[in-house]
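Chains as they are written, first to last, in our numbering: chain W, 83 to 405; chain R, 8 to 361.
Treat the hints with care, as some may be off.
[Stated by the list, open to error] Covered by chain W, according to a simulated footprint, are these stretches of chain R (three or more residues, beta-carbon under 8 angstroms):
(1) 122 to 131
(2) 142 to 155
(3) 294 to 306
Note that these hints are calculated values from the structure, not bench results. Ideal Cβ placement from N, Cα and C applies to all residues, glycine included.
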Amino acid sequence: MAELSIVEAINDCFHVELERDENVLVLGEDVGRAGGVFRATAGLRDKFGPDRCVDTPLAEAGILGTAVGLCMAGWRPVCEMQYDAFSYPCLEQLINHVGRYRWRTGGKMSFPLVVRMPYGGGVRAPELHDDSPETYYVHTPGVKVVIPSTPSDAKGILAAAIRDPDPVVVLEPKLHYRTLKGEVPDGEHVVPLGRARIVREGADVTLVAYGSMVPVCEEAADALDGVSVEVLDLRTLKPLDEDALLASAAKTGRVVIVQEAPRTCGFAAELAAILAEKAILDLRGPVLRVTGYDVPYPYWQIEDAYMPSVERVTAAVRKLLDF
Amino acid sequence: MAQVLPAERDLRRVIGDAEGVGDREVDGLGEQELLELYRSMVLLRTYDERSVVYHRQGRIGTYAIFWNHEAMQAGAVHALADEDWIFPSYRESAIGLVRGMPPATVLSWWRGHPAGWWNPADYNVASICVPIGTQVPHAAGLAWGKRLRGEGACALVFFGDGATSEGSFHEGANFAAVMRAPLVLFCNNNHWAISTPLEAQTRAETLADKAVGYGIPGVRVDGTDVLACYEATREAVTRARAGEGPTFIEAVSYRTAPHATADDPSAYIDLERVEEEKTRECVGRFEGYLRRAGILHDDLAASIRTEAEDAMRAAIAAAEAEPPADIELLFANTFVDPPKSFATDLEELRRILG
Chain W
83 MAELSIVEAI NDCFHVELER DENVLVLGED VGRAGGVFRA TAGLRDKFGP DRCVDTPLAE
143 AGILGTAVGL CMAGWRPVCE MQYDAFSYPC LEQLINHVGR YRWRTGGKMS FPLVVRMPYG
203 GGVRAPELHD DSPETYYVHT PGVKVVIPST PSDAKGILAA AIRDPDPVVV LEPKLHYRTL
263 KGEVPDGEHV VPLGRARIVR EGADVTLVAY GSMVPVCEEA ADALDGVSVE VLDLRTLKPL
323 DEDALLASAA KTGRVVIVQE APRTCGFAAE LAAILAEKAI LDLRGPVLRV TGYDVPYPYW
383 QIEDAYMPSV ERVTAAVRKL LDF
Chain R
8 MAQVLPAERD LRRVIGDAEG VGDREVDGLG EQELLELYRS MVLLRTYDER SVVYHRQGRI
68 GTYAIFWNHE AMQAGAVHAL ADEDWIFPSY RESAIGLVRG MPPATVLSWW RGHPAGWWNP
128 ADYNVASICV PIGTQVPHAA GLAWGKRLRG EGACALVFFG DGATSEGSFH EGANFAAVMR
188 APLVLFCNNN HWAISTPLEA QTRAETLADK AVGYGIPGVR VDGTDVLACY EATREAVTRA
248 RAGEGPTFIE AVSYRTAPHA TADDPSAYID LERVEEEKTR ECVGRFEGYL RRAGILHDDL
308 AASIRTEAED AMRAAIAAAE AEPPADIELL FANTFVDPPK SFATDLEELR RILG
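Model the full assembly from the supplied sequences, consistent with the hints where possible.
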């Protein structure tokens, strides 16, 4: 065990996985010589060579498009998109090809690729370095989507994504890349996809979150004196651990979903729909959402007002308890 | 770094004409190879003409016609080795036939039946790409990936003149050049992207000029001269295998058929030009070449045609004999490891459908 930050845990994962499987190849903008703008791929080019950690042209669709071809040639490419909002050019490849290619070969050819990127705001960055684009990815058939929230999960879930036979999109909470540290197992460490994590047990209300909203929910739970709060970290958005969600809803009867992305059609809406369909008799009040607003992610001097905060989460919980 | 020359202006040709240009021979192409090339062209032509009929009869769905593109398709593919990969657009939907794919498979694809799925690795032919130009990065990635593995295979990607306006084309071509990927970028410039003429697509004097910007050779050939297409592709493949990276080939023709069965080009195209171009259509031109060389005669030509027609008759019968696809195929094959919801959705659907 070592005490690592999230970005150090990701880097550790790469060193282990590239050593373990010579078919794994990392490609992206500035991932080689610079080791990535967040240093997630630091040291890989020196250790594994420029053909296993490849600095590409500035071309997000080209990165993912060539990754499709690399899979056909037997590689397991891991693509880095430098920032959330810069990933959008790759959506055409993701939607039209990555999510469909196995299907259109009748299941004969697989595309074990990974697309990973830092996501989310709160880092006082210029415009378009702050998006939470998970809905675009989750809505795309044929791809899996994961969002770790701790250093240990960042390593273990990325390892699972790299080893997974299907395409996986990994969104990493950049706000906590360096600020959140934790114990991370040495060597090979795999956290299976599709399994949520109960961050803390509680009896009165469940806070459901993923990625950078998990720490917000933990703080809110601390702030809610006299309320027994369960915090559920989904970890995988698709395939969703529906059993864990329903079990927690059955236990507490009250659910607040916290999501940094804009509200409309966000992942919280999907979770609320599942609860409406499958847990209605377990619920003692409406499913509430605390989300970002349906606006462009704001300039950083007012970004704190956009972000779901501890105050907004506790207010939602109080409202639900008063229902 | 090798010097990059301006792209060629004149179209390369091998087959002569009645206006004083003589026929030329292509090194390494003997009588047998020439006849194989002819067989492929006739098979593609027959596939295309029968498909238009099958569409009118309601036996296949909307179909993208490739009449007069057979020289580019057969010429380019014959210059490849079997280990080399082909990335077709929908205009080259039947290109697998040249690699031994049953025509029933391609007909099933156009019939919207899952029997039209194939394993690309069985023929080294990627799936038919429907969005414009998005297959170019795939081909670049495969070619690059093969080079990284030290395998000798290269890739050839087909796309049209319209595709050169797409970002995917640019990203794929640039990636291939930077990675020295063994790739042949084969542009079928038939002057029309549905109703958009070439001059509304680009201000470049030629599409091959774009190659200069990628630091790769740009070559222009007569796209209805199968031997010119073959020769230029073979040269590009030789460069690719020698580690010299990609080549852009602009094969110039003129679209003499509608974009697809749903299109009516009389609204926008110059019909006189179409009729004039039809007199130079590519299968007839090659047939004339073979006859002048004493390689093809009436009986042989008839038997090659009959062979292709028989294959198509059997193919449409086989495609129509496919049992209806099971609804399980809605869910199967999307994931290696599908979510639990797929099984419950299928179960519920079966119950409702009875």
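Taking the hints in turn, this is what the structure says about them:
Only residues whose beta carbon comes within less than 8 angstroms of a beta carbon in chain W count, and the segment 122 to 131 of chain R has 6; three or more means the coverage holds. Here the segment 142 to 155 of chain R counts 12 residues with a CB under 8 angstroms from a CB of chain W, which clears the bar of 3, and the coverage holds. Counting residues of the segment 294 to 306 of chain R whose beta carbon lies closer than 8 angstroms to any beta carbon of chain W gives 0, which falls below the threshold of three, so the coverage claim is violated.
Taken one by one, the earlier hints fail for this structure only at number 3.
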